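Protein chains in written order, with our numbering: chain R, 1 to 649; chain W, 1 to 649.
Everything labelled a hint here was simulated from the structure, so no lab data went into it.
It is possible that some hints are incorrect.
[Said to hold, decoys possible] Derived coverage of chain R by chain W (criterion: at least 3 residues anywhere in the stretch with Cβ under 8 Å from a Cβ of chain W; other residues may be distant):
1. 169-177
2. 358-372
3. 434-447
Please read these numbers as outputs of a predicted model, since none were measured by experiment.
Glycine included, C-beta positions come from ideal geometry on N, C-alpha and C.
Number of protein chains: 2
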Amino acid sequence: MTEPKLSPNSANVDQEQFLTILSREEALARFEAALFPRDLTADDLALADAMGLVLANDVVAVVDVPPFDRSNVDGFAVRSADLVAAGEALPVRLLLNDEVIACGTAPQLPVKQGTATPIATGGPIPRGADAVVMVEHTQPAGSGAIEIRRATSPGQFVSYAGSDIACGEVLLRSGTLIGSREIGMLAASGVARVSVVKKPRVTIISTGDELVQPGQALRPAAIFDTNGAIVTAAVSENGGEAHFLGAFPDDEDKLEHVMREALATSDMLILSGGTSKGEGDVSHRIVARLGEPGIIAHGVALKPGKPLCLAVCDGTPVVILPGFPTSAMFTFHDMIVPVLRRLAGLPPRNDARVTAKVPVRIASELGRTEFVMVALVEGDGGLIAYPTGKGSGAITSFAQADGFLKIDALAEQMPAGTQAEVTLFTPHVRVPDLVIVGSHCTGLDLVTEPLARAGLSVRSISVGSLGGLSAARRGECDLAPIHLLDEKTDTYNTPFLVEGLELVPGYRRMQGIVFRAGDKRFESLNAEDAVRAALKDPSCLMVNRNQGAGTRILIDRLLGEARPDGYWNQPRSHNAVAAAVAQNRADWGMTIAPVAHAAGLGFMPFAEEHYDFALVTARKQRPAVRAFLDALASAEVQKALERAGFRPA
Amino acid sequence: MTEPKLSPNSANVDQEQFLTILSREEALARFEAALFPRDLTADDLALADAMGLVLANDVVAVVDVPPFDRSNVDGFAVRSADLVAAGEALPVRLLLNDEVIACGTAPQLPVKQGTATPIATGGPIPRGADAVVMVEHTQPAGSGAIEIRRATSPGQFVSYAGSDIACGEVLLRSGTLIGSREIGMLAASGVARVSVVKKPRVTIISTGDELVQPGQALRPAAIFDTNGAIVTAAVSENGGEAHFLGAFPDDEDKLEHVMREALATSDMLILSGGTSKGEGDVSHRIVARLGEPGIIAHGVALKPGKPLCLAVCDGTPVVILPGFPTSAMFTFHDMIVPVLRRLAGLPPRNDARVTAKVPVRIASELGRTEFVMVALVEGDGGLIAYPTGKGSGAITSFAQADGFLKIDALAEQMPAGTQAEVTLFTPHVRVPDLVIVGSHCTGLDLVTEPLARAGLSVRSISVGSLGGLSAARRGECDLAPIHLLDEKTDTYNTPFLVEGLELVPGYRRMQGIVFRAGDKRFESLNAEDAVRAALKDPSCLMVNRNQGAGTRILIDRLLGEARPDGYWNQPRSHNAVAAAVAQNRADWGMTIAPVAHAAGLGFMPFAEEHYDFALVTARKQRPAVRAFLDALASAEVQKALERAGFRPA
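Construct the complete structure from the given sequences, taking the supplied hints into account.
Here is the structure:
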């Protein structure tokens with residue numbers, strides 16, 4: 001991600017790319033073939049430190065567990081033959097031997113015919129005894145004797161030596177992941193140290209002049225380094241010992257130095273950014289000369305993730321992930337995790353799968369296996385898979401997805417209504433308690449806050465007002481937030497409701513004209529006058545909104561027939577408008593008051609918009625819906641909305 | 001687990017116990033009511049250190065992601081209005097502005113009408129531009145100009161500011177478990193530190209005079225402390241910061257001192273052992289005086305786990321787990337984990353469930369909710385749930401189970417054939433590749449070793465030869481190891497096969513008489529003479545085997561009509577016989593050569609037993625079965641068997 005490919009032969013570059021692009025399966029197979037089989041390094045660790053690691057060898061039990069025949073109850077060790085004739089009418093009297101077998105004390109006296117020895121739960125059975133009678137089934141019978149009125153079978157209440165774990169048996173196999181249960185078995189057998197596969201040391205490097213680490217100040221045109229943190233965390237989650245070196249600018253000499261140093265001490269090297277084949281991308285040029293055999297695959301017929309680069313440098317895997325977060329994470333999970341887990345001695349990940357209906361058509365590119373991140377909600381007829389489609393540049397596309405579905409390389413689309421197999425990112429589907437699909441607003445977060453506090457999970461999928469209405473009609477959500485002005489009747493929302501939906505009044509959002517504070521052209525004007533002034537100034541650039549947005553209707557009213565410069569800049573959110581003005585990409589635009597204030601912009605109020613909720617009547621009685629309605633009506637939420645700049649309906 | 005309850009009023013104690021026993025649900029409800037709601041302590045941590053922890057507060061995005069309108073491709077930032085008329089026949093020529101917008105560099109020049117600015121993927125859109133044209137869709141057109149032959153729509157290849165994450169929106173809710181995906185969202189928003197719920201500090205203490213830590217020498221009558229290690233590990237797995245103090249003898253003063261010290265610095269205190277109400281059990285007496293309200297439940301109608309003790313001492317939960325490992329772990333997971341997770345701010349565990357058929361009748365005690373640990377295998381008609389029934393004293397009952405099923409307090413049994421709901425210990429069912437049900441032998445581990453090395457999972461369920469044959473007939477396993485002598489024909493195994501089963505010859509195990517090395521009574525005798533000598537010596541104690549064991553048939557042959565002392569001591573395994581002789585609980589018995597040698601005992605060979613495999617013919621072609629047969633026939637395995645003291649069939 002640096003300078004664009006502006007060479008005159010870019011068509012050739014493109015051609016070359018196309019020719020060398022491998023299928024996903026072929027790329028992974030070549031990568032694995034260049035790395036495996038290989039010997040894994042083992043480490044000798046104390047048992048408590050072995051949690052989450054993998055056994056490097058079979059562990060054979062060297063003791064019996066229990067180590068001796070053991071009593072399972074508090075009672076008396078007896079010879080069962082002495083009690084063969086015992087019954088209610090025929091008590092048998094046994095003399096007590098002069099010892100009490102507690103836990104941890106070895107018996108000293110044999111149990112001879114006609115005798116018994118008191119024994120505690122866990123105590124070793126003494127010589128001569130072959131059963132235990134519970135204390136509750138005995139009566140004292142004078143000094144040093146007991147009476148028993150029931151027969152007992154040989155072995156009663158005795159756990160024999162080795163009945164839990166037998167000396168000589170293989171307790172755990174090489175390759176077993178050590179969790180608490182394995183620790184229990186090893187401890188029971190007296191194993192204090194185990195040989196485990198050493199965690200592969202994985203060094204992570206971000207590259208790109210534009211990257212700033214979280215917590216630092218974001219200079220203009222820079223972005224926070226997302227991949228560094230998320231790849232580091234995902235390496236840890238998949239058995240690697242992750243070392244993140246930070247983000248480095250695209251300086252070929254310096255970067256090569258850092259990479260060679262890292263390679264010397266790493267079992268795997270992961271870079272992100274710099275994978276396109278443009279002239280400015282230095283990482284892959286460096287990787288090509290780091291060792292043999294070098295680059296295995298550069299370009300994979302995979303979406304997201306086409307620019308992925310896989311290399312093996314003198315035995316060490318080196319990977320360059322795409323720079324965009326969802327591409328980076330998806331290719332990491334799909335192509336790198338299998339290799340990382342093998343290096344860590346872990347079994348392949350066993351991803352859970354569910355079937356879900358795709359509610360909308362998904363277009364796909366021919367010739368590439370395409371993976372679409374989806375969020376799952378419960379529909380009337382089963383699970384629904386909503387594409388979380390903000391694109392591969394968005395971290396939330398990946399982070400807020402429950403899983404992904406696959407569109408074959410030979411398909412151009414997945415039609416609406418398809419029952420698709422969804423591979424889950426986590427073992428369980430956690431269907432949210434409340435599903436809200438429609439137009440998002442930061443005020444909505446204030447309404448759902450009490451639900452979250454009460455442990456109810458809320459999923460909000462942002463598809464705009466009209467998309468929300470469609471989802472509500474199809475029964476795919478509980479509520480659809482909408483703010484649609486019907487121009488004929490000049491009323492909000494109500495005219496758009498259909499059978500089965502009812503309106504829940506939400507709150508009002510003040511729309512107005514924003515400008516940079518200090519811009520003399522707009523100061524002390526009202527909205528109408530400001531727009532008039534802007535239209536007269538040819539250097540004054542506007543930012544519009546997308547067709548179909550409630551705000552766009554208001555802008556068009558103000559503009560009339562005018563199409564000023566910037567009219568075709570049509571972002572899709574209040575925040576994007578505020579950012580365009582704040583960052584001088586435009587001089588004025590229309591957004592809502594809370595967003596304008598958060599961005600530190602001047603604001604001229606123009607009209608109030610009704611942000612309401614279309615409620616699916618059939619779902620009205622669901623506890624989470626009731627909780628939502630209660631929260632919306634509560635004084636607490638109303639106050640929070642007012643503080644944030646919204647007005648009660 | 002100390003001295004038995006031998007007071008004359010033990011009947012009263014029993015009565016008292018019965019009266020105060022709570023149902024599982026009631027006990028847990030009272031325990032939680034005494035602890036919650038409560039404020040959880042928060043910690044401010046660097047993002048990388050927050051993995052696996054839980055957010056203590058909502059996190060609101062304070063920046064837009066991306067922070068500016070961004071190009072998604074390498075190309076040229078343009079005004080879409082300039083290209084409205086562009087087409088193959090009508091190329092539009094745009095003059096290039098004198099800058100290249102790379103990643104991380106802020107544009108300096110506006111894109112005026114009729115111009116374009118080169119821009120890299122990730123670069124900020126300059127003022128005036130509203131779309132990006134891919135470099136592949138342009139041609140150089142003389143110095144400082146390009147030609148474009150297609151129209152472009154506003155917003156093409158642009159990701160608007162805030163389209164991924166909008167400033168002001170709630171990014172993550174309080175209570176969210178932080179994994180790599182959450183780290184990615186936080187990093188993308190520039191969040192470097194987060195407020196997380198502090199891990200509850202849980203102190204674990206084992207009690208009992210009989211306990212020895214793994215790695216130390218096992219003195220007579222002592223056992224290794226299993227609960228200390230497994231509870232410590234399970235606390236870590238469920239969000240606690242575990243501190244294991246070791247095992248302490250039942251010394252009331254010392255133990256109280258340790259417990260009070262631990263309580264002062266802990267958010268939870270867990271003891272194991274010492275929960276019965278007998279006189280020797282000190283832990284519960286100490287807990288009763290550690291703080292208010294004290295003991296909440298002591299005795300729960302739960303099997304395994306009846307002696308569980310739950311207390312709250314001045315706000316801190318104190319738990320005494322039963323001493324037997326499976327009881328301890330089961331009650332920990334069922335009753336303690338819900339509380340521990342709430343203390344850690346974690347959501348309730350979401351256990352996966354499957355339906356499986358129970359192949360055998362399971363008896364149950366009326367009046368107690370009974371939980372039965374089961375191992376799952378694939379049968380012809382779905383999953384089969386085998387009880388891993390070695391009892392609550394066995395760690396393997398719990399550790400080798402896939403999950404558990406529940407028998408209602410009001411049921412006396414679960415009939416064979418019941419379709420039961422099994423709650424899984426891990427999210428997935430991992431059905432083993434090869435299932436072996438029957439008689440176990442350490443030699444079998446040598447045969448399956450190559451399978452394990454090849455990544456095939458083998459489950460071996462030890463139910464004896466006859467149990468294995470039944471399982472094979474029902475199609476619940478691939479192979480049943482058997483060693484059954486038909487006395488009529490004096491042949492092994494073949495007479496026991498039925499339709500659908502075939503015999504795979506295994507190996508031979510030498511049976512013989514064992515005695516302690518140095519026991520002058522047996523030295524230099526053969527097996528028959530040794531038994532004759534033993535029968536003449538009334539001080540000489542034998543150890544027998546259980547009815548139905550192959551070994552028992554041989555013993556009975558040697559003994560004829562004689563019933564010497566020790567005849568009724570009838571353990572169920574080769575190892576238990578060896579342990580009884582080695583530990584002086586008996587003077588002689590019969591076991592197999594490898595076990596005798598491992599125990600360091602003298603051995604007089606008597607007869608060779610045939611350890612073979614009944615193979616389910618219908619499963620013969622399964623890859624894991626073929627791998628087993630190949631392994632059994634391999635020179636490698638045959639050599640390993642010989643080295644271990646077995647003989648080829």
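Do the hints match the structure? See the list:
1. 169-177: Result for this restraint: holds, n = 5.
2. 358-372: n = 0 at 8 Å, threshold three: violated.
3. 434-447: Since three or more residues must qualify, the claim that chain W covers the stretch 434-447 of chain R holds, with 3 doing so at under 8 Å.
Hint check: a violation occurs at hint 2 only; the rest are consistent with the structure.
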